[in-house]
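Visitor: Single-letter residue listing:
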Amino acid sequence: MFNSKTRIAILAVVLLFVLSFGALAEQRMGTWVDEVIIVEEPSVTTAVSRLKAGDLDIWASSSTDSNAFNAVREDPALDYYQVFGSYTELTFNPVGPTFTDGRLNPLGSRKIREATNMLLDRDYIAQEIYGGLAVPKHNMLNGSFVDYSRVVETARALEIKYAYDVEKANEIIAEEMKSLGAELVNGKWHYKGELIEIIVLARSEDERSQLGDYFAQQLGRVGFAVKVDYRSGAEASPIWMLGDPWAGQWHVYTGGWSAPVVYRDQGHIFNQMYTRRTMSAPLWQAMEPIPELDEVSDKLYRKEFSTMEERTALYSRALELAYEDSPRIFVVDQTSFLPHRAEISVASDLAGGVSGTGLWPMTIRRGDEVGGRITMGAQQVLVDPWNPVEGSNQSFDQLAIRATFDRGFMTDPFTGNYHPQHIVQMEVTVEEGLPVSKSPDSDWVTLDFVPEIEVPGDAWAEWDPVNQRFITVAEKFPEGLTATRKSVIHYADDLFDTVKWHDGSPYTVGDMLLTYVLDWDRGYEESQVYDPSAAPSLQTALKSFRGIKIISLDPFVYEYYTESWSLDAEMNISDIFAVYFNYGTAPWHTLALGMMAEINGELAFSSSKANSLGAEWLGYHAGPSLPILKKHLDSAIETNYLPYENFLSDFISEEEIATRYANAKAWYEAKGHFWIGNGPLYLEKAYPTERMVHLKRFEDYPFPAGTWSGFDEPRVAEVEVIGPKRVKSGEQAVFQIDISFKGEAYKMEDIQEVKYLVLDAAGNVAFSGYGSGIFDGWFEVKLTPEETAQLPIGSNTIEVIVLPTLVGGATFGSHTFVTLP
Amino acid sequence: MLNIETAQEQTVPAKKRTSGNLGRIAKYTLVRGLTLIITVVIGVYLAILIANGGGYVDKMREGQVREQLSLELAGNEAMSHLTLQERRAVEEDMVKIRIEQLGLDRPFMIRSFEYLWNGLTLNLGSAEYLLSDSGSRQVRNILGERLAPTLLLMATGQLFLFFISVFFALFLSRRYGSVMDKIVVALAPTSAAPSWFYGIFLILIFAALLGWLPFGGMVAAPPPENAFLRILSTLKHMILPVGSIVISSIFLTSYYWRTFFLIYSSEDYVEMAKAKGLSGRAIERRYVLRPTLPTIITSFALTLIGLWTGAIVLETVFAWPGIGRLTQSAINMFDTPVIVGTVVIYAYLLAITVFLLDIIYALVDPRVKLGGGGTRS
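Protein sequences, first through last, are from chains A and B.
The opening residue of the first sequence carries number 1 in my numbering; numbering runs sequentially from there.
The opening residue of the second sequence carries number 1001 in my numbering; numbering runs sequentially from there.
Derived from the structure by calculation, the hints contain no laboratory data.
27 Å max Cα-Cα, derived DSS-like pairs, lysine-lysine:
(1) A:LYS742 - A:LYS755
(2) B:LYS1236 - A:LYS52
(3) A:LYS111 - A:LYS168
(4) A:LYS725 - A:LYS161
(5) A:LYS438 - A:LYS549
(6) A:LYS630 - A:LYS665
(7) A:LYS755 - A:LYS438
(8) A:LYS227 - A:LYS178
(9) A:LYS696 - A:LYS500
(10) A:LYS696 - B:LYS1236
(11) B:LYS1096 - A:LYS543
(12) A:LYS782 - A:LYS747
(13) B:LYS1059 - A:LYS227
(14) B:LYS1236 - A:LYS685
(15) A:LYS178 - A:LYS161
So here's chain A without its partners, still in its complex pose (with noise of 0.2 Å):
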């Protein structure tokens, strides 16, 4: 019938078929794992040592200790993450000159503290105090993060200036102590007759003791006693923070900050370290800030800019004036690590490590293996009850927490900045004159500038915890109302089809809506579930919501107004897939059992209104909670209740409420818990007294494992700079610059720019200016004869910083040459 080349072909494409279908039929959905135990492990040395026997895989929590860190390095079976986002600073007390009891503090001169910038060996400290696990920081910017690559021209010129210099600091500090009174007696500062003291409160629970020993040492050099006084966090608070900063108890404190993280836009913290606007407490109040470094503080604060280059301008003289300021100079960011098996991968956050990412279920596997199980250690596990209204957002509960529930954007561990999930597409409209821009690669995106951007009349613009229902921009604006930004959130088409929970019941609107004005309700003292710490929050939201409006309930869309906005498009998300997202998320159902637990006073969402009631923290997952729970359910399927019912039977037929509670039963019963996420992983079991949290594959989860590949491992570039020993002034000079990961060519596409600073041999910029890609991993910097014409002769540098788009923070390389006359 057919000849044995048509045979032959036919057999082909049917071995093809098969094989796709069968491909296709195979394809694993979600994690690459089947199981993960989360075991509580409290030492990174018993860590480590578990880690080389093979009895952890990883331990998820990160450590700073330096003799743990070598072992990992030294042995080829293991591998570790950095994490970048904890770092040091002192702080000062600002007061002066004199204390109230007459005693001068030579730290309420500002020339004094900005001379103090000069006193530190951050490279010194960053290897001796902190082993290498820290490198030399000189502003509160991290350099891991996009704002520090912004600014970086300045900031690196500033760290040339106040670099380690005690000579010099010395010279500043003599002339100012003499200006304000004070004579040198036997090399000591006195005053008044009086020997001066400086008190360094030193943080007794990690290196920052020693760094205390270190910064009096070296005021001692520049003339002045010290006594250092070593206090815990706790101890140390009401001194330097609560305590009167005129009573003169203390003048140095070694204070420590982090960032859980990576943060895209820092523009709010200049007003946090530098002025009295944020924090209320005594010694912020105290500040006072040059007039200059207070107002751009608050312009960045409150975004009064419309282009990035003003932006850029604003930030870059906060800088300068930050350190002539200084009433707080920094000292070094901490590299934590987070030891794990080689063979191991998984995605971890630059700032906040695995827990700090939602992808890290979706991308955890050993080496190409698929199923099997992994056994991650923490240092804690279990610590405070699972609940997505109010419960824990302790980072080591959301390790496993984030595992266990999905979001309709995910953040990107290495940028900060957002990618979508469950949403498909995003239009945002900003107000013309915002310097809002969008990454190329977000395709998802859309960007436009407005003039004027009303809000609908029948948009919600609140909640009427009375007549359960939302008041619209008409009703409560009559007179219209505008905003500075809106944003249209398009859900994928198949949301409401694809996306299950773990008892097995569909995702629907409901979820969205319940969870949505419960938000809103908790913050009502008429709500049945008015809770009093939810009701600040609430009020400071409205300020800046104008209204929300949903176009189509499936597929979901809706629009937002607001007069909040970022500067990445990407980040003017309001998503409500996941409106809990700091502590997880629940079906309706089971935040109705909660509900009623907590209108019967039997259990709270919140802490804090737990303790009020004397009744307990709600916790899904275990403990005394799971019987009231259950107590309700059986009552919940008796009545088939639906909260907030005028307004969300619309939305929710009785049918789904009565399969929805038969779902949460079934599930209970097998399960004995009430967590029921709609993530990746689902909880099998918490063990609470054992310490242990288990977790398992959701096999109906919608996205295929290996969705969220390549984030594994953050591709931070590694620089060279290729150039001459040596350059004649007047010619031109070439310098080559090769930038690769793990050996790889970086690619064009991957790179947002390359700057280069050329420094002469004082350390003062000569000039600066942008390289050029000549192909993937390969730039080139071009120096005009013009330009090598006036370079000083003699040594001079040029440096340069790769900003790839693929992580937040930038890369530095530099090359040395003579120029010759």
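Got chain A sorted already, so can you dock chain B onto it with the hints?
Guide: For chain B alone, coordinates are given in the frame of chain A:
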């Protein structure tokens, strides 16, 4: 109160003696009970004052609340739409709520007496920061959940240690000067190192190097579904921590008891018994063990109540969810109700034990009499 009497012939009529004894015992019980209650009250109140730094901890907690809130609000974009006054008002509202939640709005002295009364009446109430493993705020749940693992580990370890060392000491006292005796005496100073120190070595050898036993925890991960396998798994996880407890003290404790038995073995009445030709076992039972029984019982009873406190570092080394680690957390977080709960239960256990020991002494040692007016001639 305790009165050691010589075992001499009684001359007082039996009926009068009985009623006199009852009265004396009742008076003794009352006075002893009152003394112990006053001691407990003072002890617990001192613990409350110390745990709160005489009220200074209130300032520390307020500082923590303000610091935490300020940081939360500083990075909150929504706050940038508020005026300075509005921001201050929001911050103060939130501070007020948290301060009230912690009870810091009421004077410490009033709260200190509430803590005391609640503690003494065993109305342990709610913790201020800590939660039980399963998420309960009730102090009784917090302590209750940790009690079983603590008792399991500490009781096994300490009881093993106690009985092994007593019997081993008896064995050694019979072989005074033997090679074994000399080895134990030589190794006694090794008990200067705490159990967790040995624990680290045992982990290194048996878990890290040989891989025979687990590094820590209570049970395998995930815990076996089958109850029998789960018990076996727990036993396996107990080997190293129990071993650490025993190894750390076995030599010193054996040396102590062995010396103690030797002292009693060289008493005149023991020599007399030997001279009379009584068997070695009879002498040991009647003339060595019996007079040492009060001391053994005291040691045993104090060991039992000592179990309540757990062992902070050992539990940390073996990631064992015990009361020791809980107490440490409570102290670090200044969670007064949990500290008071731990202290008050320990105080009651100690007081009851001391009280019962008085009675037990009288039962087991004929030379001991409750109350009474001195030695009879």
